[in-house]
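Listed below, chain by chain, are the residues.
Number of protein chains: 2
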Amino acid sequence: MSAQAERYVEQNLSRFIQQLSDWLRIPSVSTDPDHKEDVRRAAEFVADDLRASGLTVELHETGGHPIVYAEWCGAEGAPTALVYGHYDVQPPDPLEEWDSPPFEPTVRDGRIYARGATDDKGQCFTHVKAVEAWLKTVGKLPVNVKFLIEGEEEIGSVHLDPFVRENIEKLRCDYVVISDTAQFDKGIPAITYALRGLVYAEVILRGPKSDLHSGVFGGAVANPANNLAAIVGDLVDSHGRVQLPGFYDDVLPLEEWERQEFAKLPFREDAFRAAVGTEALWGEPEYSVLERRWARPTCDINGLTAGYQGQGAKTIIPARASAKFSCRLVPNQDPQRVFRSIEHFVRERVWPGIRVEILNHGLAPAVLMDVHSPGMTAARRAIRRAFDREPVLIREGGSIPVVATFKQALGVDSLLLGWGQNDDNLHAPNERFSLEDFRRGILASVALWEELRQAAAEAR
Amino acid sequence: MSAQAERYVEQNLSRFIQQLSDWLRIPSVSTDPDHKEDVRRAAEFVADDLRASGLTVELHETGGHPIVYAEWCGAEGAPTALVYGHYDVQPPDPLEEWDSPPFEPTVRDGRIYARGATDDKGQCFTHVKAVEAWLKTVGKLPVNVKFLIEGEEEIGSVHLDPFVRENIEKLRCDYVVISDTAQFDKGIPAITYALRGLVYAEVILRGPKSDLHSGVFGGAVANPANNLAAIVGDLVDSHGRVQLPGFYDDVLPLEEWERQEFAKLPFREDAFRAAVGTEALWGEPEYSVLERRWARPTCDINGLTAGYQGQGAKTIIPARASAKFSCRLVPNQDPQRVFRSIEHFVRERVWPGIRVEILNHGLAPAVLMDVHSPGMTAARRAIRRAFDREPVLIREGGSIPVVATFKQALGVDSLLLGWGQNDDNLHAPNERFSLEDFRRGILASVALWEELRQAAAEAR
Chain P
1 MSAQAERYVE QNLSRFIQQL SDWLRIPSVS TDPDHKEDVR RAAEFVADDL
51 RASGLTVELH ETGGHPIVYA EWCGAEGAPT ALVYGHYDVQ PPDPLEEWDS
101 PPFEPTVRDG RIYARGATDD KGQCFTHVKA VEAWLKTVGK LPVNVKFLIE
151 GEEEIGSVHL DPFVRENIEK LRCDYVVISD TAQFDKGIPA ITYALRGLVY
201 AEVILRGPKS DLHSGVFGGA VANPANNLAA IVGDLVDSHG RVQLPGFYDD
251 VLPLEEWERQ EFAKLPFRED AFRAAVGTEA LWGEPEYSVL ERRWARPTCD
301 INGLTAGYQG QGAKTIIPAR ASAKFSCRLV PNQDPQRVFR SIEHFVRERV
351 WPGIRVEILN HGLAPAVLMD VHSPGMTAAR RAIRRAFDRE PVLIREGGSI
401 PVVATFKQAL GVDSLLLGWG QNDDNLHAPN ERFSLEDFRR GILASVALWE
451 ELRQAAAEAR
Chain F
461 MSAQAERYVE QNLSRFIQQL SDWLRIPSVS TDPDHKEDVR RAAEFVADDL
511 RASGLTVELH ETGGHPIVYA EWCGAEGAPT ALVYGHYDVQ PPDPLEEWDS
561 PPFEPTVRDG RIYARGATDD KGQCFTHVKA VEAWLKTVGK LPVNVKFLIE
611 GEEEIGSVHL DPFVRENIEK LRCDYVVISD TAQFDKGIPA ITYALRGLVY
661 AEVILRGPKS DLHSGVFGGA VANPANNLAA IVGDLVDSHG RVQLPGFYDD
711 VLPLEEWERQ EFAKLPFRED AFRAAVGTEA LWGEPEYSVL ERRWARPTCD
761 INGLTAGYQG QGAKTIIPAR ASAKFSCRLV PNQDPQRVFR SIEHFVRERV
811 WPGIRVEILN HGLAPAVLMD VHSPGMTAAR RAIRRAFDRE PVLIREGGSI
861 PVVATFKQAL GVDSLLLGWG QNDDNLHAPN ERFSLEDFRR GILASVALWE
911 ELRQAAAEAR
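Chain order of the listed sequences is P and F. Under the numbering used here, the residues of the first sequence are numbered 1 to 460, in order. Under the numbering used here, the residues of the second sequence are numbered 461 to 920, in order.
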């Protein structure tokens, strides 16, 4: 039956691109209070579009920007998929580096350029249009589909987490579907089956009540900057192995098949190194670069602040020194436990005369999806149909905290089906999205609803 | 013969205070280009005053502010003293914290309040007036006296060093006399016979060409902030012992008499700790607090800069991280050697993929004066006569680089005769100078010229 929906996609593609342009034209910068009404307009835009396709749509008010919820639940007995996406975008700065204005969508070389083109309006819209294609042709979907599209992803999803936890029945589903990642490379579609987690801490050390002359006082008063460096300088060894006691105890090792699959991927270390702009890559020598980025935990210092930061010399013992640092976690590591171990590690290294404060800037566990689930099988088949190629199974080094929320609150895996490319410039000037990836993404979504029903039937 | 000069001081004291006020009223802030003419006026003020007393005076132009040189060399066969001082002052900010305007000298509770009151116009003026007292009464001085008063002390004495090295014959002397330090405490005059030196370095580490996402890249790219912390965090141990190889090899240990004298000083650790505003003092446990501040080398981090320094969290691997740090040196340590050892220490700890740059922000050796010299004997006697009390012999933890310059270029010790108090607020709002210390300082200087001649005669 999907043939009709697929034909509808091909016939309506230019209208879909026009609609996406209209959505992209709305500057829904969630972090900027001046764009508060634009953010709402962007929510209403997608809400109206989903309503026009025949879904039941609700706009949920939050303390911040609204959450769009929509559903079509007419496929009794069939699986239910929850599409998660976001309609807010990053600020467009620096404006002068854009070749065309960020909120005037422009097509060049088969790509649409605009803030939000790939992150996430363009990718999210593929599912919106796939649902329309089914409903406007077949008149129904093979599975039940719900949409949860928020407006605060770029500012930490502050109101999404409580919304999910308070609406577990409404959001009940078999899989979450998210298109907010990237393909492995051009022409190599991918499914991301694991994400690293995060523990973000800030340590503030305070010594003398004000900066002191290092000549008059040096040797008699503990220097918070020396103490801070001694503490955070011990977090990793020279190969990046994290020195927090017990840090690796719970780490789930990579399985043999994963190491083999990663090794087969066409990853060019040289090109990666050149893009980073460094003379040598670095890290645990017993793991490959992809393994280190995707499946090994880390501890990176994100910021250091102490004393005199101007030109030249100033001979002071600073009153205060602080460090922000964060661990990327891998599956099975407990963020709470890691944070406690950071607290212990820091406190036992504080020198006499120094007071310590430790802030928690966020905890998120890693997630690891079941690659053998019916949902995963369906996603692989759907992508193969739309992209004419078997997707590769990859992990991702970053964190998408909402995936852990869905796992914890709803008990379901997320299917991370990225249609974007690594060079789509998300969060950067000249953000873009290939129209061919947009088209294939819609077709993959059209196929996905069918394959999800089929795979579920096979699994029975 | 000094009795006449002493009487002259007592009779003219209120005029001296008035003249000091006139000098203090000139805002000779050397660092501020807007005050360039004021700085020159302050130079001319003291030049005129010295000329009026009968000295030969020269105003030497430099690339910056002028150097005042004056001399009276009519004491053939007698020793020669070179008085060093400075007529420039620190900026007065923050203005709102001054109880009376910084350039409207005001007498309250027997103290004169103004920027430069103690540092160094007030202290320097004691010698100017002592010379006047001798010349206006006896008509000659017991020794030859030269003055070298610069206008760039607060901005690093950039033009003084070359001036001294180019004018060695002109500046030839047996002792330099400097009043730019403090008494040990109220009623406890002191002679400072040793200063610590300084090695100031900055280490800049550069990794990726721009900040990277710590999720996407963490584990595969060396983080300059982690590397920096690992390096500078190893500079000292938890008791402040410097870990640079060979750092202590050349250190001249404290002599037994010094430890005994320091132990006798009425130093109150509790009050010191409370003034610092810390819960505990810190440092090498086998040395007292005064020993640690005055006679033990240190390494203090003065500034740290890396990555994100705003509120909250940002998950980056910073492209760059830098640290400023400085060692205080004690007698016999070679600043060049210490700097080379820092370079070696840093370079051997740099991780793959990180580029390092090491800046030298200044080297100055420690100085140690001969406490048994005739000059020191004369200074002790002169102070005892003026302050009715034997001065204590102390060291100072800070550095006065010009003292090392005089030692190297002229081969002479400096007599550091501080008339100020530790709470005179130098470099801070409400800088002040006790009029009684001003009076006793002039009288000590009057006596010094006589005692220098006497001690030299005894030593023959």
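In short, the hints are calculated from the structure, not lab data. Beta carbons: idealized from backbone N, C-alpha and C, even for Gly. Hints may contain errors.
Said to hold, decoys possible - Coverage of chain F stretches by chain P, computed from C-beta distances (three or more under 8 Å per stretch; other residues unrestricted):
| no. | region |
| --- | --- |
| 1 | 667-676 |
| 2 | 683-695 |
| 3 | 724-738 |
| 4 | 762-770 |
| 5 | 815-826 |
| 6 | 867-876 |
Said to hold, decoys possible - Residues on chain P that point at chain F, a partial pick, calculated with CB under 8 Å:
| no. | residue |
| --- | --- |
| 7 | Leu13 |
| 8 | Ile17 |
| 9 | Val216 |
| 10 | Gly283 |
| 11 | Arg328 |
| 12 | Asn332 |
| 13 | His344 |
| 14 | Arg347 |
| 15 | Trp351 |
| 16 | Ser399 |
Hint by hint, here is what the structure shows:
Coverage of the region 667-676 of chain F by chain P holds. Counting CB-CB distances below 8 Å, 9 residues qualify, and the rule asks for three or more. Closer than 8 Å: that is the beta-carbon criterion, and the region 683-695 of chain F has 11 residues meeting it against chain P, so the requirement of 3 holds. Chain P is given as covering the region 724-738 of chain F, and this holds because 4 residues of the stretch bring a CB closer than 8 Å to a CB of that chain, at least three being needed. With a cut-off of 8 Å between beta carbons, the region 762-770 of chain F has 8 residues touching chain P; three or more are needed, and the interface restraint holds.
With 3 residues carrying a beta carbon less than 8 Å from a beta carbon of chain P, the region 815-826 of chain F meets the three-residue requirement, and the given coverage holds. For the region 867-876 of chain F, the stated coverage by chain P is violated: 0 residues have a C-beta nearer than 8 Å to a C-beta of that chain, whereas at least 3 were required. Among the interface hints, the one on Leu13/P is violated; its C-beta lies about 31 Å from the nearest C-beta in chain F, farther than the 8 Å criterion. Residue-level restraint check for Ile17/P is violated (minimum Cβ-Cβ distance to chain F is 29 Å; threshold 8 Å).
Given hint, Val216/P at the interface with chain F, holds; its Cβ is 5 Å from that chain's nearest Cβ, closer than 8 Å. The interface hint given for Gly283/P holds, since its Cβ lies 5 Å from the closest Cβ of chain F, which is under the 8 Å cut-off. The criterion of a C-beta within 8 Å of any C-beta in chain F is met by Arg328/P, whose closest approach is roughly 5 Å, and the hint holds. Hint status for Asn332/P relative to chain F: violated, with the closest Cβ pair at about 17 Å, above 8 Å.
A hinted interface residue such as His344/P counts as satisfied when its beta carbon comes closer than 8 Å to some beta carbon of chain F; here the least separation is about 17 Å, so the hint is violated. For Arg347/P, the interface hint is violated, since its Cβ never comes within 8 Å of a Cβ in chain F; the closest pair sits about 14 Å apart. For Trp351/P, the interface hint holds, since its Cβ comes within 8 Å of a Cβ in chain F; the closest pair sits about 6 Å apart. Satisfaction of the interface hint for Ser399/P is found here, the shortest Cβ-Cβ separation to chain F being roughly 6 Å, below the 8 Å cut-off.
Violated hints, listed in ascending order, are 6, 7, 8, 12, 13, 14; each of the other numbered hints is respected by the structure.
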